[in-house]
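Chains as they are written, first to last, in this note's numbering: chain U, 5 to 476; chain W, 5 to 476.
Please note that a few of the clues may not be correct.
Heads up, the list lumps identical chains together, so a pair's fine if it works in one copy or across two of them.
What the hints assert, rightly or not - Calculated cross-link-like contacts (lysine to aspartate or glutamate; reagent style EDC-like; alpha-carbon spacing at most 20 Å):
{"id": "1", "residue 1": "K427", "residue 2": "D186"}
{"id": "2", "residue 1": "K331", "residue 2": "E41"}
{"id": "3", "residue 1": "K400", "residue 2": "E205"}
{"id": "4", "residue 1": "K248", "residue 2": "D268"}
{"id": "5", "residue 1": "K289", "residue 2": "D227"}
{"id": "6", "residue 1": "K400", "residue 2": "E276"}
{"id": "7", "residue 1": "K357", "residue 2": "D267"}
{"id": "8", "residue 1": "K331", "residue 2": "E220"}
{"id": "9", "residue 1": "K331", "residue 2": "D39"}
{"id": "10", "residue 1": "K400", "residue 2": "D433"}
{"id": "11", "residue 1": "K281", "residue 2": "D442"}
{"id": "12", "residue 1": "K357", "residue 2": "E401"}
{"id": "13", "residue 1": "K331", "residue 2": "D380"}
{"id": "14", "residue 1": "K331", "residue 2": "D73"}
{"id": "15", "residue 1": "K331", "residue 2": "E377"}
{"id": "16", "residue 1": "K182", "residue 2": "D192"}
{"id": "17", "residue 1": "K182", "residue 2": "E65"}
{"id": "18", "residue 1": "K248", "residue 2": "E220"}
{"id": "19", "residue 1": "K331", "residue 2": "D107"}
{"id": "20", "residue 1": "K331", "residue 2": "D44"}
{"id": "21", "residue 1": "K367", "residue 2": "E299"}
Quick caveat, the hints were computed from the structure, so don't treat them as lab data.
Below are the chains, spelled out letter by letter.
2 protein chains.
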Amino acid sequence: MADASAAVLNRAQSSFDAGIGRLVDLLRIPSVSTDPEYRDACRAAAQWCIEHLSESGISGELHETGTSDAPGHPVVYAHHPGPASYHGPHVLFYGHYDVQPADPLELWDSPPFEPTIIREGEPRIVARGAVDDKGQVMMFLEALRAWHDETGDIPIRLTILLEGEEECGSVNLDQYLKDHVDTLRACDVCLVSDTGMWNRETPAVTYALRGLSYCEAILHGPDQDLHSGMWGGSVPNPLNELTKVFGQLFGPDGRCALPGFYDDVREVGEQERTQWKSLGIDETKQLASIGLPPEANVGEAGYSMIERQWARPTCDINGLYGGYMGKGAKTVIPSFAGAKISFRLVADQDPAKVTRSLFDWLKARTPPGCRWELMDHGSGLPCTVSTDSPHMVLAKESLHEATGKEPVLIGCGGSIPVVGSFKTLLGLDTLLLGFALDDDRVHSPNEKFELGCYEMGLRTHIVLIGKMAAAG
Amino acid sequence: MADASAAVLNRAQSSFDAGIGRLVDLLRIPSVSTDPEYRDACRAAAQWCIEHLSESGISGELHETGTSDAPGHPVVYAHHPGPASYHGPHVLFYGHYDVQPADPLELWDSPPFEPTIIREGEPRIVARGAVDDKGQVMMFLEALRAWHDETGDIPIRLTILLEGEEECGSVNLDQYLKDHVDTLRACDVCLVSDTGMWNRETPAVTYALRGLSYCEAILHGPDQDLHSGMWGGSVPNPLNELTKVFGQLFGPDGRCALPGFYDDVREVGEQERTQWKSLGIDETKQLASIGLPPEANVGEAGYSMIERQWARPTCDINGLYGGYMGKGAKTVIPSFAGAKISFRLVADQDPAKVTRSLFDWLKARTPPGCRWELMDHGSGLPCTVSTDSPHMVLAKESLHEATGKEPVLIGCGGSIPVVGSFKTLLGLDTLLLGFALDDDRVHSPNEKFELGCYEMGLRTHIVLIGKMAAAG
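Here chain U stands alone, though its shape is the one from the complex:
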């Protein structure tokens, strides 16, 4: 390890609590990007990041996105040229400052935007966005701050993009990348911290991500809510009809019934299957961790749980609504009913094709006298990253040195659509160094980030920056 890195690690250690205090400040800002009510909060979170970066000597600015009719949330753009003598890779760091909605609020033990540090058990910080992705972004920003505070400079050439729309489909990011392609193609490699460790003791590099297609379908029937006594049995009930249609979306053997859905799926390789098997996953234990019995081990027939999570596509309804949803009874036939549906996709599926396929399938099943309102909430390409590039080697070495533990190569069932866009639009590979744990309750009430994991991420980034500075 370079001497400078060792000193920077010490510096980070001594200012660890101050860094957590700054993370708390960022977590207090309710930057829920999908909900227009939190529009100003999203901008405030972006501005907060600019100010944090400037304290490390990195100049940044907000770049607006979207159109005047449909304005997006701003991108935090920052750049530092590094030392004149720098010969290492020009790093593009990507993260997101927006968070998922906090509902259902009543299931949180502490308010989602009042970060709470719990010292009992594994010390951890509980808040919406603690690990996804504010905490993971802050590991990198605090690594930069430690380098700056210890050495007076940033030792690498660096561009930073912090997005504000990751949790609502990154609808404007591809256009942003296209608009800035001349600047961004000067980068050599992307670095993203939005994935997980294998477990608390084992750091990981993620090399396969699922893609995503997210849609919403509203079925409209009568032009008003109707009394189910007066009208029941004589007109189409959008709730009945929606249920009948979507009930057909799930085929036998846990497969999606959309025609051609599996045509472009790359089969799980023998090598992956063997490697993942060697991880020794206890499926029953996994289920128990979310309160499910062994018989809940369902899904596409013929694949292990980890294969279903990392390498097989899915179809999930993420929301259903319509009619009376309060307590008690109301005898209503509503004028509409809706469903939110997402597909997790794997190489080489095309999200746009899947979305079209769903819409065509729904249209072909339009109940008599009804009409569909179909919405595309965004998509992301599935992605598989090369595991033997020089950058990947640096990343694995940094993980090992910073944590003292051998990292493993894993897949991830989630989607980071921008990774596909970086590859497609900028020709860049992405290093996915993440420090979340499976039980971090990402997207759920009581989301947490363990301080031990945060510390490993902070140390890994400090070491990786040092290695890049020493390279070339």
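Given the coordinates of chain U, work out where chain W should sit on it, guided by the hints.
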């Protein structure tokens, strides 16, 4: 017509506006019985009725219902012995002071609990409960008031029950009737105003009502909301599973797929079929009135629209909920998903049997690793009333005299469960004299009651009271 009745009709005419003002006062009270938030408002509405009755010389009191663990809304009980010389029938008048929830609020043109009188077009009063059932109850209470104010007395023997739980399944009413059976079995006939006219020009007596079974089913899966990327495809998603199960509830030809559901259904008789056909219903026009095209004329195969509404059972989902129901996208697998389901039933179906049948059917389809939470939100017997009793003859004559129009005998797709209970528990037939119109938006935003209909009801009750006083 008796001279007294003519004078009372004149009296009612001259105080018509004052009576509407009193209805406005009652409609201002948001007595939504299904929502615990409006508990006090329900009691206030009940108390208001007591005071109105006392101004007509009728003493009443609130009778509590339910248990200390699950208190119900009070019943308004009132009694007047009538003149000592009275030989007519002892009338049991039943109505309800509770109303449906007002949501979706944003679709109301005026606030649901700020009654608005509109003079353009057909003069009408717009408010939640305008016609169901506060307006229809007030036609009778104001008829009593007119008799009292004109003659100084109430000329018939009368018991009044105003329920506060009709819109949430009348869960405590049967027990109430059983507890007061000794008093109530002194009555000779029930009188209920909670049904409709055939159309604006044609008053009607309703002689067939559908029954109801209302249930709720919540499917529980994981003990927490999950990230659909991390877990999608490897665990049961309650939204997917709920949709799969309920999609099977609807069989071919628009029929309910519950085993044995049609076993006890009394087939539509040739006479009914002919009589209803002679009403000359324009089904396409009916559909157009709720914004539906002719191809929306769906339902159980082999039956006309009116037969499907009045004489065939149905199965309707009245509410679906689960996962993310806000704007935009959230990639969640929720820990539960729920559906509210109701069945409209016809003679001789047994609501309790249908509820059991649904629960058994659901249990037999429990998705692996999940569990059902099943709730019975109440039920009501289907009911067919004799059309040639002396009371029915009086009712038809009163309608004719008070409105100058020949009434027709009709069925009704809705349910007034208490009519079944009056028959079963007290042995009483019920006269259903209602003045609602099909487009009154019962249970919907902008519920209204036309003042012309209200006036016909008021006059009919005045004449009917006079005829009963003159009878025997």
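Evaluation of the provided hints:
{"no.": "1", "hint": "K427 x D186", "in the structure": "within (15 Å within a copy, 83 Å between copies)"}
{"no.": "2", "hint": "K331 x E41", "in the structure": "between (26 Å within a copy, 10 Å between copies)"}
{"no.": "3", "hint": "K400 x E205", "in the structure": "within (15 Å within a copy, 84 Å between copies)"}
{"no.": "4", "hint": "K248 x D268", "in the structure": "neither (28 Å within a copy, 26 Å between copies)"}
{"no.": "5", "hint": "K289 x D227", "in the structure": "between (49 Å within a copy, 14 Å between copies)"}
{"no.": "6", "hint": "K400 x E276", "in the structure": "within (19 Å within a copy, 82 Å between copies)"}
{"no.": "7", "hint": "K357 x D267", "in the structure": "within (11 Å within a copy, 47 Å between copies)"}
{"no.": "8", "hint": "K331 x E220", "in the structure": "between (25 Å within a copy, 10 Å between copies)"}
{"no.": "9", "hint": "K331 x D39", "in the structure": "between (25 Å within a copy, 6 Å between copies)"}
{"no.": "10", "hint": "K400 x D433", "in the structure": "within (15 Å within a copy, 84 Å between copies)"}
{"no.": "11", "hint": "K281 x D442", "in the structure": "within (18 Å within a copy, 65 Å between copies)"}
{"no.": "12", "hint": "K357 x E401", "in the structure": "neither (39 Å within a copy, 68 Å between copies)"}
{"no.": "13", "hint": "K331 x D380", "in the structure": "between (31 Å within a copy, 13 Å between copies)"}
{"no.": "14", "hint": "K331 x D73", "in the structure": "between (38 Å within a copy, 18 Å between copies)"}
{"no.": "15", "hint": "K331 x E377", "in the structure": "between (28 Å within a copy, 14 Å between copies)"}
{"no.": "16", "hint": "K182 x D192", "in the structure": "within (17 Å within a copy, 83 Å between copies)"}
{"no.": "17", "hint": "K182 x E65", "in the structure": "within (18 Å within a copy, 75 Å between copies)"}
{"no.": "18", "hint": "K248 x E220", "in the structure": "both (16 Å within a copy, 18 Å between copies)"}
{"no.": "19", "hint": "K331 x D107", "in the structure": "both (18 Å within a copy, 12 Å between copies)"}
{"no.": "20", "hint": "K331 x D44", "in the structure": "between (33 Å within a copy, 17 Å between copies)"}
{"no.": "21", "hint": "K367 x E299", "in the structure": "between (35 Å within a copy, 16 Å between copies)"}
In summary, the structure is inconsistent with hints 4, 12 from the numbered list given earlier, while agreeing with the others.
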